[in-house]
Amino acid sequence: MNEQVLVANKYLDKITSLGYEYIPKVIGAILVLLIGLWVTKLITKKLRQTLTKSKIDQSLVPFLSSMVAILLKVVIAITVMGMVGIQMTSFVAILGAAGLAVGLALSGTLQNFAGGVIILILKPFKIGDLVEAQGFLGIVKEITIFSTILNTLDHKLVIVPNGPLSTGALVNYSAEPIRRVDWTFGIAYGDDVESFKKAINQFISEDARILKEPASFIGLSELGDSSVNFTVRAWTSGADYWDVFFEMNEKVYTKFSDYGLNIPFPQMDVHVQNNK
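Note that the UniProt record's numbering has the sequence shown beginning at 1, numbered continuously upward.
Hints may be right or wrong, so weigh each one.
Claimed, not checked - No farther apart than 20 Å at their CA atoms in a straight line, the calculated lysine to aspartate or glutamate pairs in the EDC-like style are these: (1) Lys-212 with Asp-191; (2) Lys-255 with Asp-191; (3) Lys-197 with Asp-182; (4) Lys-141 with Asp-129; (5) Lys-212 with Asp-182; (6) Lys-251 with Glu-206.
Calculated from the structure, these hints are not laboratory results. Fair warning: this is a prediction, and the values are worked out from it, not measured in the lab.
Can you build the whole structure from these sequences, using the hints too?
Encoded structure:
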């Protein structure tokens with residue numbers, strides 16, 4: 001009985017000794033972790049504000065802020081592990097092996113990271129640009145380490161991974177200051193072509209947003225089943241593109257009749273033959 005008590009006391013003393021040794025370290029590590037994360041948040045927030053006010057490309061702001069936050073968190077993690085007594089040499093070896101395994105498992109994530117770096121270096125687009133990529137059309141709201149956030153024209157947020165975005169086809173509608181607006185208008189067979197051209201030229205000249213250069217274009221493009229179709233092209237600023245497009249359509253619909261023009265619609269003539 002006495003022997004069992006001695007063994008129990010021995011283990012109790014050992015646990016108490018370990019407690020006295022490690023509890024302060026654990027408490028200190030927890031405090032360092034909490035304070036470190038709080039300081040990281042403050043530094044990242046201040047950095048973001050400073051970069052936003054600076055002349056740096058605003059596309060870099062989220063990316064740099066995220067990178068600094070990750071580096072600070074890595075430093076905090078290493079510090080905390082050192083405080084609780086984890087041998088860093090062994091940890092580095094384990095981390096290397098784990099890093100290889102994680103790297104293979106997260107190859108897509110690493111590809112997205114590399115894609116983010118490529119996007120920020122080559123700058124195929126910037127925040128505020130209207131782009132179409134990976135089946136989505138929207139305005140670039142934010143460029144992060146792993147993804148780019150688009151705000152679609154119907155106000156949906158789309159998160160597009162940077163990997164496919166950096167390697168796939170991409171259309172940047174904001175890259176050039178001006179854009180060409182294309183329309184196809186049809187008039188009825190028998191309508192006067194010169195009256196059509198006069199009407200379109202009048203509509204174009206009345207709209208100050210349509211540029212004089214490059215010159216506008218009107219051409220007969222198709223003899224359709226029910227209409228004579230014309231292609232109309234004009235140039236305007238990227239910001240005015242949709243307003244010019246929709247208002248021209250409205251003018252054609254409401255004012256074509258003033259020029260003796262008719263907007264045809266598909267129709268079929270049926271001839272009944274009586275063999276009696």
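Status of each hint after checking the structure:
1. Lys-212 with Asp-191: Between Lys-212 and Asp-191 the Cα gap is close to 28 Å, so the pair fails against 20 Å, i.e. violated.
2. Lys-255 with Asp-191: holds, 15 Å
3. Lys-197 with Asp-182: holds, 15 Å
4. Lys-141 with Asp-129: holds, 8 Å
5. Lys-212 with Asp-182: holds, 16 Å
6. Lys-251 with Glu-206: Cα-Cα ~11 Å, so holds.
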